Amino acid sequence: MLGRTANGLYWMFRYIERAENIARLVDAGLRVSLTRAGSSDEDWHGVLESAGVREAYSEVHAELTAADAIDYLLRDTSNPSSVMSCIEFGRNNARMVRTALTRETWEATNECWIDLKARLSRKLKQTDLPELIDVIKHRCGLIRGAFHGSMLRNDLYNFSRIGTFIERADNTSRILDVKYYVLLPAISQVGSKLDNYQWESILRSVSAHRSYGWVYDGEYQSANIADFLILKVQMPRSLAYCYEKIVSNLGYLGETYGEQVKAHETAAAIHSTLKRGSISDIMDHGLHEFLEDFVSRNNQLSAEISEGYRFYQ
Amino acid sequence: MLTAENLPRPPYKTYHEWYASQDAAHLIRKTQDAENIFRKTGITFAVYGHADSSEKLIPFDIIPRIISAREWRKLAQGIEQRVLALNAFLDDIYHKQEIIKAGRIPRALIERNVTFLPEMIGFKPPGGVYTHIVGTDIVRTGEDQFYVLEDNARTPSGVSYMLENRETMMQMFPELFTLNKVQRVEDYPRLLRQSLASLAPPGCKGRPRVAVLTPGIFNSAYYEHSFLADQMGVELVEGADLRVIDGRVKMRTTRGYEAIDVLYRRVDDDFLDPMTFRADSALGIPGIMDVYRAGNITIANAPGTGICDDKAIYSYMPEIVEFYTGRKALLENVPTWRCSEPDSLKYVLEHIEELVVKEVHGSGGYGMLVGPTASKKERTDFAEKLAARPDNYIAQPTLALSTVPIFVNKGIAPRHVDLRPYVLVSDKVKIIPGGLTRVALKQGSLVVNSSQGGGTKDTWVLED
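Protein sequence lines correspond, in order, to chains A and B. Counting from 7, one number per residue, gives the positions in the first sequence under this note's numbering. Counting from -4, one number per residue, gives the positions in the second sequence under this note's numbering.
It should be emphasised that the hints constitute simulated quantities derived from the structure, not laboratory data. Zero decoy hints are in this set.
Listed next, the in silico EDC-like pairs over lysine to aspartate or glutamate satisfying Cα-Cα at most 20 Å (straight line): (1) B:K51 to A:D121; (2) B:K35 to A:E94; (3) A:K123 to B:E30.
Restraint ranges, calculated between C-beta atoms of paired labels, are given here: (4) B:P392 to A:L130: 56 to 62 Å; (5) A:G264 to B:G198: 21 to 27 Å; (6) B:G448 to A:A309: 45 to 51 Å; (7) A:G264 to B:A235: 25 to 31 Å; (8) A:Y318 to B:I23: 46 to 52 Å; (9) B:D285 to A:G58: 46 to 52 Å; (10) A:Q227 to B:F213: 53 to 59 Å; (11) B:A235 to A:A309: 17 to 23 Å; (12) A:P242 to B:F213: 33 to 39 Å; (13) A:T41 to B:W13: 56 to 62 Å; (14) B:G228 to A:Y318: 21 to 27 Å; (15) A:S46 to B:K35: 39 to 45 Å; (16) A:G58 to B:T368: 55 to 61 Å.
On the chain B side, residues computed to face chain A include the following (Cβ under 7 Å): (17) K35; (18) G37; (19) I212; (20) S221; (21) A224; (22) D225; (23) L231; (24) D236.
The structure presented is a predicted model; accordingly, all values stated were derived computationally and were not measured. Note that beta-carbon positions come from the ideal geometry of N, C-alpha and C, so glycine has one too.
Turn these sequences into a full structure, and let the hints steer you where they fit.
Shown next, in the form of structure tokens:
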């Protein structure tokens, strides 16, 4: 396989994953603004921060309003992380690696682009938002489903999966980090009403507010939530789950190609931190420091994969 | 579809009965469905020079063009004869040049032709095949009267539409394929891969590795390039993915550089090798011609085949066919005036309002004048260009092209069409039963090119 194809697949799936995650973030933001009395436009600060675009936003908009923030996150193509930009980049990559995709996967991607391009071409009304967010998740789900149901389990598949999970791990760790240091008061205050809605919004941003209840008996506690999103391997958006998948896909590549690259070592090291770590240790040493370190190691791994497998554009 | 007595022509009989039983509103809906299928599959092409239309759909007509087995056999024999003659001609002009020595074609027309590549002189491509893929353009003027309009021996495009049109028809009207016995076109990608692999170069050890070379995602035919690579199960590569290393053409893979044996290139000769041809080409592979001449890669179609698409050479095709096959050409050429000859030029200038005048190296419907439909000013302007550079032009009469029915909102209406069957050449010649039918969608128009508002339809060759 061409290094260019591997690169294209990797980024195609990173962008599709990112589009879906941004939609979830907006969804969580909307939810907060609907359910919390006295909520203000300022609440969108955290959402923009989690999406990693707060500074870029303020370069375009002088004020922070809910409508502008939502527009910026969903449809502004000057924002490279908006849903529209991600779908556009994802689809362009798919078009470039068209021969590596099954017809089903390509068509799901192309239809996603056609549909969202039409829906996001006009100004959004608040009443349209719930349906729009559903459509985004639905369309991304169709791509994933077509991909799982039809792609050969070979190196193409592994590069696509690695892209998905590197992106997802990055998103989950950012969501946690932003909420941690913007919103988390002293640990002793956890349990207040204020915290409940904050934590619920975190869980909603990763579509985990229901599954959390099944695992931790429904009580919101900061340590449990951190445990769920960082260390619980059963939770499909947790860092631990992402690294299980990254390590196993890198493992298949190593087997197929008969060689180990530096990325294998790095991924194994990160994986082992997540596997052996306990949430109390992480909290004691500082959750923010842990997450900051994680994001940078995750980025390093991405660079090592590009290098080890000779990615190019 | 209908004869003079308003009865369906025999191959259309079954279709005509089916059509009569259909509700018009249903068919209008189907036309919309077809468009959605094409859009979601991404079957698009780009029109150069339109900034906002980077991806366009070619209009698709839902009424198939139907050809009987008998008509097809006749066509296929004529095409095979012509394709064999083209290969013999190429081999000859790059080796002994007997056709020139015999005085059948002027030496200057060959050797001063920009599409003639001196680099190919004395070189025999693997298997002796020059034109691996040919798309002969054919028009019909009467029940048994076919003309070859162009040979397209360089890089015929459009085969993905032949395949997708069939796919779409089967999805929309499965019952029609039970009612009619239509010959398969679906084997084309598999046959193409077989055919290419069978012409691997002498330097290939083991299973030949085939790849499709595209100019890239912005090329108007990118969809087709990716489609063919995907359907054949081979890599789609760009010039920047390839490099000459240790005398082989290799591609940059995730595991390092790996050699390619057969390259189905959709990049023109000029851009193929900046070390041999245009030095400013960013689409090619520096040094590939050396690898080619050393017998370590097959290039399909071979460099230098473009000379067959020259319209002045075309005018000699009856002589070429007879010279190499020893028989009269089974398919006729459209009578052609070579404007380089003073008498012809005089005739063309005097009759420009009746003629179609084309550039010898033109394609895609660009750079031509359709006399009868052009304005007076267009004709005068064109005549000036023609008089200034006569050897750059040929002229042909406008033919009374046959029409086939297309579906319009009011029912059916006649439109002019041509037909491009696809031919694969290896140690044998294989003609896919069907091809691309292009339709001039504007009433009365004779220009079928997709870049000029033409559409396509499925083409059926029936079984006996």
